[in-house]
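Here's the letter readout for the chains.
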Amino acid sequence: GENVGLHLPTLSVQEGDNSIINCAYSNSASDYFIWYKQESGKGPQFIIDIRSNMDKRQGQRVTVLLNKTVKHLSLQIAATQPGDSAVYFCAENFDNNAGNMLTFGGGTRLMVKP
Amino acid sequence: EPEVTQTPSHQVTQMGQEVILRCVPISNHLYFYWYRQILGQKVEFLVSFYNNEISEKSEIFDDQFSVERPDGSNFTLKIRSTKLEDSAMYFCASKKRDISSPLHFGNGTRLTVT
Numbered sequence: 491g492e493n494v495g496l497h498l499p500t501l502s503v504q505e506g507d508n509s510i511i512n513c514a515y516s517n518s519a520s521d522y523f524i525w526y527k528q529e530s531g532k533g534p535q536f537i538i539d540i541r542s543n544m545d546k547r548q549g550q551r552v553t554v555l556l557n558k559t560v561k562h563l564s565l566q567i568a569a570t571q572p573g574d575s576a577v578y579f580c581a582e583n584f585d586n587n588a589g590n591m592l593t594f595g596g597g598t599r600l601m602v603k604p
Numbered sequence: 002e003p004e005v006t007q008t009p010s011h012q013v014t015q016m017g018q019e020v021i022l023r024c025v026p027i028s029n030h031l032y033f034y035w036y037r038q039i040l041g042q043k044v045e046f047l048v049s050f051y052n053n054e055i056s057e058k059s060e061i062f063d064d065q066f067s068v069e070r071p072d073g074s075n076f077t078l079k080i081r082s083t084k085l086e087d088s089a090m091y092f093c094a095s096k097k098r099d100i101s102s103p104l105h106f107g108n109g110t111r112l113t114v115t
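Chains B and S are the protein sequences, given in the same order.
Taking my numbering, the leading residue of the first sequence gets 491, the next gets one more, and so forth.
Taking my numbering, the leading residue of the second sequence gets 2, the next gets one more, and so forth.
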């Protein structure tokens, strides 16, 4: 797949455990952040987003936490399932118009052991 | 659920040839994008397109690249004279005009330049 050869940090978890994937973003002016999931052979799939005026947002089995002080973003996945195995990217937007030019991080590979 | 669709899934071309990558964005979306992912590297922004014109472009998007929305449904990326280093996955994305709406990506076209 397209991420072969990319020296990704890897998180290996047992099925049913919670996963926490971390991301450090670069621009303190960024005001919108997104987590994407990318499975082999597919494009990035939207998981959850958060604006900079929030520090936490919850979705179905996922929670995103934003710490603007240290420019840190995390994705928590509850009760991780084998289908969650993928590469996870955070992306930031520091363009204040609706153009949404995203800057992607390097990704973390999540491996779920059955 | 509506999807961004891209064709072809894999394109092989010889160096110096022109290629056109095709995308059908989600029908009620107004912003359109091309991103690329070279094997082993991050997802990189190429260009955004709104209201029939380019709204932003990156350094990668030089004179060899062009985009077009030839009709109400298709969005294309043309590379005039391909180079070996253009080999990558090319992802099309689209979004609604709302600043808080996320980008939705297609599954990509793998371009191999020989």
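Just so you know, these hints were derived from the structure itself, not from any lab.
Beta carbons are placed, not taken as given, at the ideal position from N, Cα and C, and that holds for glycine.
A hint or two may mislead.
Ranges between beta-carbon positions, derived for each pair [what the hints assert, rightly or not]:
#1 B:S518 <-> S:E69: 15 to 25 Å
#2 S:P9 <-> B:P604: 33 to 43 Å
#3 B:Q550 <-> S:I100: 16 to 26 Å
#4 B:P604 <-> S:M16: 37 to 47 Å
#5 B:K532 <-> S:G73: 22 to 32 Å
#6 S:I55 <-> B:S518: 41 to 51 Å
To spell it out: a stretch of chain B is covered by chain S in this simulated footprint if at least three of its residues, at any positions, have a beta carbon under 8 Å from a beta carbon of chain S; those stretches are [stated by the list, open to error]:
#7 501-511
#8 522-531
#9 559-567
Cross-check of the supplied hints:
no. : hint                          : verdict
1   : B:S518 <-> S:E69: 15 to 25 Å  : violated (36 Å)
2   : S:P9 <-> B:P604: 33 to 43 Å   : holds (35 Å)
3   : B:Q550 <-> S:I100: 16 to 26 Å : holds (23 Å)
4   : B:P604 <-> S:M16: 37 to 47 Å  : holds (45 Å)
5   : B:K532 <-> S:G73: 22 to 32 Å  : holds (26 Å)
6   : S:I55 <-> B:S518: 41 to 51 Å  : violated (27 Å)
7   : 501-511                       : violated (count 0)
8   : 522-531                       : holds (count 4)
9   : 559-567                       : violated (count 0)
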